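Could you put the whole structure together from the sequences, leaning on the hints where they help?
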Amino acid sequence: DAGITQSPRHKVTETGTPVTLRCHQTENHRYMYWYRQDPGHGLRLIHYSYGVKDTDKGEVSDGYSVSRSKTEDFLLTLESATSSQTSVYFCAISRGDTYNEQFFGPGTRLTVL
Amino acid sequence: AQKITQTQPGMFVQEKEAVTLDCTYDTSDPSYGLFWYKQPSSGEMIFLIYQGSYDQQNATEGRYSLNFQKARKSANLVISASQLGDSAMYFCAMRETNSGGSNYKLTFGKGTLLTVNP
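Chain order of the listed sequences is A and B.
Per my numbering, the first sequence runs over residues 1 to 113.
Per my numbering, the second sequence runs over residues 1 to 118.
Treat each hint with caution, since some may be false.
Unchecked claim - Label pairs and their in silico Cβ distance ranges:
1) VAL88/A x PRO30/B: 30 to 38 Å
2) PRO9/B x ASP62/A: 23 to 31 Å
3) LYS73/B x ASN28/A: 30 to 38 Å
4) PRO18/A x GLN56/B: 46 to 54 Å
5) PRO30/B x VAL52/A: 25 to 33 Å
6) VAL12/A x SER41/B: 19 to 27 Å
Said to hold, decoys possible - Below, in silico cross-link-like pairs of lysine-lysine (DSSO-like), each with a Cα-Cα straight-line distance of 30 Å or less:
7) LYS57/A x LYS16/B
8) LYS73/B x LYS3/B
9) LYS110/B x LYS11/A
10) LYS110/B x LYS57/A
I should point out that these hints are in silico values taken from the structure, not numbers from a laboratory.
Here the structure is a predicted model, which is why all the values come from computation and not from measurement.
From the three backbone atoms N, C-alpha and C, an ideal C-beta is built for every residue, glycine too.
What follows is the structure in structure tokens.
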């Protein structure tokens, strides 16, 4: 195991409510990523971080924000959840070297009613 | 244009036979990396194999090998001697060096669902 946990693992919420997903790593890796996985789309990058307080947008960032105040934690926030954000969310980490294999967390299944 | 294309939504193979999963990519970056991940029905993402654009030889990891044809921009995954436990979704991904802001983002294909029949 790469030492990545995600919480919660499952969440059901209602449209319009705020939701925060947490990714925690014990590897001290510099890079952290949030993806969403939807049928027919593979994994799509939402946001990523290349250091504490250094974040940038991915290809599907609208409606999401992130924060990274510590190396080990990367938070994904849905300010006002919508049904289109029902998905499985994966966190990943990488060392940021040339090889840069990404290690994935177990995923969070989010349902927005 | 899609950066990673996996044209086979689903594939079937008999146990103990070999199978090739296709992946083509599109990049103008001379330095890039290609990855394959496996996602079984339990949902976790498992790294299988990596090929760098400057690697002279095809990557191999146990029963997995990557058939890298640079001129054709293809990076097919070959699984030899298929096992029932190989039934899973397989994703091809690419890392480009000059991807703006960070050198280490991955772009994923949509995946191929492999079913191994006994």
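Results for each hint:
no.	hint	result
1	VAL88/A x PRO30/B: 30 to 38 Å	34 Å, holds
2	PRO9/B x ASP62/A: 23 to 31 Å	27 Å, holds
3	LYS73/B x ASN28/A: 30 to 38 Å	35 Å, holds
4	PRO18/A x GLN56/B: 46 to 54 Å	51 Å, holds
5	PRO30/B x VAL52/A: 25 to 33 Å	32 Å, holds
6	VAL12/A x SER41/B: 19 to 27 Å	22 Å, holds
7	LYS57/A x LYS16/B	43 Å, violated
8	LYS73/B x LYS3/B	11 Å, holds
9	LYS110/B x LYS11/A	25 Å, holds
10	LYS110/B x LYS57/A	20 Å, holds
The structure shown violates just one earlier hint, number 7.
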